[in-house]
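Start from chain A and add chain B according to the hints.
Line by line, the protein sequences give chains A and B.
Per this note's numbering, the first sequence runs over residues 1 to 346.
Per this note's numbering, the second sequence runs over residues 1001 to 1212.
It should be emphasised that the hints constitute simulated quantities derived from the structure, not laboratory data.
Don't take every hint at face value.
[Claimed, not checked] Computed list of lysine-lysine pairs in DSSO-like fashion (alpha-carbon distance at most 30 Å, straight line):
| # | chain 1 | residue 1 | chain 2 | residue 2 |
| --- | --- | --- | --- | --- |
| 1 | A | K101 | B | K1075 |
| 2 | A | K167 | B | K1075 |
| 3 | A | K101 | B | K1131 |
| 4 | A | K167 | B | K1025 |
[What the hints assert, rightly or not] Chain A regions said to be covered by chain B (calculated; three or more residues, Cβ under 8 Å):
| # | region |
| --- | --- |
| 5 | 94 to 102 |
| 6 | 204 to 218 |
| 7 | 285 to 293 |
| 8 | 322 to 334 |
In this text, a Cβ means the ideal position worked out from N, Cα and C, and glycines have one as well.
Read off the chains here:
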Amino acid sequence: MTKEKMTSMQRVLTALEHREPDRVPMLLPLTMHGSRELGLSIRDYFSRAEYVIEGQIRLQEKYGHDAYTGFFYGPAEIEAFGGEVIFVDDGPPNSGEPLIKSLDTLDRITVPEISKVPVLQNILKTIRTLNEKADGDIPVLGVVISPFSLPVMQLGFESYLELIYNKRELFWRLMQVNETFAVQWGNAQLAAGATALAYFDPLASPTVIPRNIYLETGWLIAKRTIAKLNGPTATHLASGRVLPVIDDLVKTGTGAVGAGSSEALVELKQACQGKLAIIGNLNGLEMHRWSKEELFHRVKEAIDGAAPGGGFILSDSHGEIPWQVTDEQLRAISEAVREYGTYPIS
Amino acid sequence: MSEQIEQFQDALLSSNPEKAEALLKEGISNLSILECIETVVMPALDNIGTGWEAGEHALSQVYMSGRICEDLLDKHLPSEDELRSNKPRMAIALLNDYHSLGKKIIYSALRAAGYNLLDYGRLEAEELVHKAEEDQLELVLISVLMYSSALKVADVVKGLKKCCPAILIAVGGAPFRLDQSLWQDVGADYVGTNSADAFKIVRSYRGAEQDD
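Isolated chain B, as found in the complex:
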């Protein structure tokens, strides 16, 4: 790991936004903001996400790191900035239950990585299908905490595949982490357990699109 990534990562893990900003500014003085995101911010968030998966970091650190990066990038690369990526057209939603931490973590991480995405908040299956169709989404990210909510993803998949056959559906949350074949049972296209997975999913979508 480069020294720059390591320092930035340490600032995030110790929840130190001032130090993280100083390091980002230092980076921007040598590189473009997009290069900085690509070579420092994303690798650091990636490491923290996979580190959580491996038991090295805590969920609160994943959340606080994403929040710090989101705030920093909102400041240095605002939503309307043309450098931000609007592809794929995507949204994130909390399905059925009221535990929004996972959604917020992924939302912040993707925003910090320079992507624009819609935040649908908390929805029932039918509402989610309706909104995704209306917004002509290409990718929908669904977060849940409760097992009964995870099972409702099947209704979303059924509804979406009918009205928007090309749409891709990614799921995440504790039930999918603890029951590893559940994502296939409910018919999702992807499963992710951390922000690193979310980056991969979004990148693979873009890769597939470029191949086409």
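Chain A extracted, bound-state conformation:
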């Protein structure tokens, strides 16, 4: 690999400032692939911070992407609240039965103490060590699940929708707890050395919740929460539609948005121009069946659609690359970004 003009940190920050770096930054959110590098099961891999640190370093050296991922798995926050996490051999850990079985018990839920939750401590250790290793050259990304979206795992989706639609008072009680936790957890990651946080908020998408309800709930929550986080955020809607809420997201104070694969990057770029950087949008679920030629074509298409003028980071559509995506495919993405992503791009 030839020496590049900018460090990953400079490249990412330049893109986030809506300027053109030396080439399009590439973010590969590889949470599970490190276990393959180390010959461990996914469960064992996440059992120790040292494994994840080593996994992240090896993956970054191999594919040359522009950030470390301090994030382990979504249900880590559910584990903090006392919920169950289920590990599988070929995918991300999943949350088990909802931890709040009845809305009647909702007022008993309290804010978890981060210092007492082993998985959160492992994540903080990972972020801290990766940040030391990066020495300012590579960003380290943290993740906080939005207070508004976390209840899908806390309560189950159906009960949560009943809460949003029919029991607004109880809803706000839960939000109080979740907001406090999100701010504490986000700031703990930033204090440990995370460069920025992904504010993971699938429910903000009009694919899931009508915009009018989002504006009277999740949007207010995002605005308050993001204002209290001591670092930059990128909001990710996990493959949901983004276009109808771009201006709303801008007003939450976030700096970038994760784009799903169902919306055209050209249109998104127009809507986000100068207001939000775009992160996306290779279809993560289809990626494992793409040939090298197809991958090159998809990367070029994404770069042509959103990279001119900066403000674009190439990534997947969901915020986590599936286990089924192979080493060859990841190498092909990396090669394609170097082939087509060098600025100036017209």
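The following block gives chain B in isolation, referenced to the frame of chain A:
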């Protein structure tokens, strides 16, 4: 779209069960309950499902609409009512993962459309094969959210085609929507992305049966 469907649909989209019930009662005063389901309830749910697919409505509206209709129809056409259809013998299951919203949406929509179906809840592949065989199902509807769960459908298909070769398997959920050839890879007979698709699948099964 007829005014009746439009009004009923608006009541569902704004999550207004009282208005939806008033409109249904008004409909029943002129038509039979089955005619009402056929000409108002199903078209409204159909439009909302396809509207979600087209980006016009939100998933929460699809869910709340199905729930309202299910409650209404349970009241006006109880499970034991002989007008309800028990054909095909079918069940819906959440395979492997714990995200049951999609299953609930389809279950509610089919119940609201006058069908009886079993709800297996959350199961592993082997349990699902066993139960489907035991209940002599003709159609099994499988819902998943996680990609790793979607891949497990292949185990169900393998098991079911061995013990009940005539059974048909329909799949749905985000992985099948985002990866459009996945349903064929796992060997399913049908894929559906919304309640409108579920109606079509069940109707096409019944159509095929009548042709026989």
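Evaluated hints:
1. A:K101 to B:K1075: The hint holds at about 26 Å.
2. A:K167 to B:K1075: Roughly 23 Å between the alpha carbons, so the hint for K167 (chain A) and K1075 (chain B) holds.
3. A:K101 to B:K1131: 26 Å, holds
4. A:K167 to B:K1025: With a Cα-Cα distance of about 27 Å, the restraint between K167 (chain A) and K1025 (chain B) holds, given a limit of 30 Å.
5. 94 to 102: Holds, because 5 residues of the region 94 to 102 of chain A bring their Cβ atoms closer than 8 Å to Cβ atoms of chain B.
6. 204 to 218: holds (count 6)
7. 285 to 293: holds (count 3)
8. 322 to 334: holds (count 3)
Checked against the numbered hints given earlier, this structure breaks none of them.
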